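Asker: Single-letter residue listing:
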Amino acid sequence: MPELNPLSAGASVALQEAGHRLVCSGDWSVQGISGFRMRLDQLAWPKAGALVIDFSKVVHLDTAGVWTLHHLRQARQAQGLQVQLEGMRPEHDALLRLVEARAPQMPMIGRQVPRQSGLQWLGQKGWHGVEQTQGMLHFIGENVVALLRALRQPTHLRFRHILSNVQQAGFDAIPIVGLLSFLVGMVVAFQGAVQLSRFGANIFIADLVGLSMLRELAPMMVAVIVAGRSGSAYAAQIGTMKVSEEIDALRGMGISPMELLVLPKLLAMLIVLPLLTVYADFLSVIGGMVVANGQLHVDAYAFLDRFDDAVKPATFLFGVGKAPVFAVIITLVGCYSGFQAQGSADSVGRQTTTSVVQSIFLIIIADAIFAIASSLLNTVFK
Amino acid sequence: MSAQPVIEIEHLAMRFGATVIHDDINLTINRGEVFAIAGESGCGKSTLLRQIVMLTPFNAGRIRLLGEDIACIGEAAAKRLRQRCAIMFQGGALFSGLTVAENVALPLREHTNLSATEITELAQIKIALAGLPADAANKYPRELSGGLKKRAALARAIALDPEILFLDEPSAGLDPLAASALDELVLQLQASLRLTVVIVTHDLDLLWRVCDRVAILGEKRVLAVGTMAELAASPHPLVHEYFYGPRGRVAKEQYGS
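Protein chains in written order, with numbering that gives the first Met the number 0: chain A, 0 to 381; chain B, 0 to 256.
No lab work stands behind these hints: they were computed from the structure. This one's a predicted model, so the numbers in the text were calculated from it and none came from an experiment. Fair warning: there could be bad hints in the mix.
[Said to hold, decoys possible] Far from chain B by the CB rule (all over 12 Å, computed), these chain A residues:
no.	residue
1	A63
2	L97
3	Q115
4	Q123
5	L249
6	V277
[To be verified] Here are some of the chain B residues that sit facing chain A, going by a computed Cβ distance under 10 Å:
no.	residue
7	Q82
8	L113
9	A122
10	I126
11	A133
12	A136
13	D160
14	K219
15	R220
Idealized CB from N, CA, C, for every residue including glycine.
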């Protein structure tokens, strides 16, 4: 009967009768045999003759111990000794036979990773990029088709899903968007205050805050926050569904995953992002006003009076008009990344990261395109 | 050899809010036996298993695992205890980012001081013992069929040569041939490693073929414990229904006489 806790003492051996008898004792278990095999190989083995391995004093034996025994026997036989086992208990013997019977089926472990030349690597990366772009275009196409089909039959629009997405992506983001835009408004005003007060141009703080926030900063900041909050969530949700075959289940039921998962998110985001942008505009201007009052002694009346002159409706609309474009980028990149997940939890994590990185990247690219286009249009039409 | 209890459950009670899962469960499982916990779906079999292996807490009562009361043991003792038990989850729960061989090697790497060669060899022998084909070792779990996933999960479970092996629905989702091969495997391992095996199942073939003793759970309690032959003679209506339903009768005729 082995003890209840056989993990205490390790395995041990003693070589007797001029090296022709090996007395094994102790705990030949996975915990007991660490570093044991090396010690075995260093024993003073005889050059020839018989070797009896006496196993009667072994307290505990498991597959790891048996494997060590197997290895020991093979190594000694290879040296030219005639090895004989003695004192094996029936259950130990059964284990040894089981392990030795299965040993020939032992698999080779390790994947061969083919070596790549730089050119191969470049080619593969390039091809991967082409495939990604192709996949994204395919994905956009599928969504447009789903959208057109849904518009023809508005019952397919799933208003309930849209509303719950509006709540998650929009309503729940109100506190963080509000706080951050208020703070960014303040920061912009602080930075400007130092410079403007040197010229005595305090009142232009309204121009600075109004134009920079409404045109550029508020829409982009909202888009970045929402990409981090909701775009990543979309990727993780769809990625997990993909890995656990839920997407296949939907397809199998004849429900289009685009229609159920992507369209509601897209439509909700198209509603939510412009609204959040307006809200961010509002709070960032308030933040600017607080600083103007405190640092530059421009009170709210003076600020708003100047603000009215400085900021044209076109400026405001230009900022808010970018929001739907950002909304499309965030949703499509997030969902597409999710659909790209394959097989493992790792892949869901990777795709979630990709979704955030790519959508922020594309948001900034789109913003730059807007800025360049507007400046070109201004020069052309004036 | 006298019966030596490895798991003792006394007056175990468990409820989620108003739903009572277990109400006064008493069980003793002895060293070296193949013990099954059976019962209809939703009777709390898997919950009981998770409670024994310290994954789900319980409200009242006592569980002694390998002589230690699991409700009041420290972090270190719990860790030692966990190394002496192994669980094969129903879906396999293989780590999806690792190959089968890496999955099997993980507990060896974490809990022993063996050299990398020895760990690789032990992982190889465990994979061979679990009856996986040689080419499966370097595959990722997603590339395996359901049956092979189960075998890989078994290989991982026996990686540290545990004293108690818990199997959650080992035959679910397997074809009859694969299921009986898995039964054989469990019996062989049990005989040669002197494992205690605790199986949660409702596979009647498995109950008849493999298990020394069976506990039938129902009505939030243990309805009956005993060998299959004893249980088949039990007068309790729910136990009776379990054995004399259409599938129960076929299995009984095949193995019972």
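Asker: Determine for every hint whether it applies to the structure shown.
Answerer: Structure-based check of all given hints:
1. The beta carbon of A/A63 is not kept farther than 12 Å from every beta carbon of chain B, the shortest such distance being approximately 6 Å.
2. In this structure A/L97 is not separated from chain B by more than 12 Å, as the shortest Cβ-Cβ distance comes to only about 5 Å.
3. With a closest Cβ-Cβ approach of about 19 Å to chain B, A/Q115 is found to remain outside the 12 Å limit, as its non-interface label requires.
4. Here A/Q123 stays apart from chain B, with its beta-carbon at least about 20 Å from theirs, past the 12 Å limit.
5. Residue placement check: A/L249 keeps its beta carbon more than 12 Å from all beta carbons of chain B (closest about 19 Å).
6. Once the 12 Å rule is applied to beta carbons, A/V277 is consistent with being away from chain B; the minimum gap is 43 Å.
7. At its closest, the beta carbon of B/Q82 sits 8 Å from a beta carbon of chain A; the interface hint therefore holds under the 10 Å criterion.
8. About 5 Å separates the beta-carbon of B/L113 from the nearest beta-carbon of chain A, less than 10 Å, and the hint is met.
9. Because the beta carbon of B/A122 sits about 7 Å from the nearest beta carbon in chain A, less than 10 Å, this interface hint is met.
10. The restraint placing B/I126 at the interface with chain A holds, with a minimum CB-CB distance near 6 Å, inside the 10 Å limit.
11. At its closest, the beta carbon of B/A133 sits 4 Å from a beta carbon of chain A; the interface hint therefore holds under the 10 Å criterion.
12. Given hint, B/A136 at the interface with chain A, holds; its Cβ is 4 Å from that chain's nearest Cβ, closer than 10 Å.
13. Annotation: interface hint on B/D160 holds; nearest CB of chain A at approximately 4 Å, less than 10 Å.
14. The beta carbon of B/K219 comes no nearer than 31 Å to any beta carbon in chain A, farther than 10 Å, and the hint placing it at the interface is violated.
15. Interface restraint check for B/R220: the shortest CB-CB distance to chain A comes to about 29 Å, outside 10 Å, so the restraint is violated.
Checked against the numbered hints given earlier, the structure breaks hints 1, 2, 14, 15 and satisfies all the rest.
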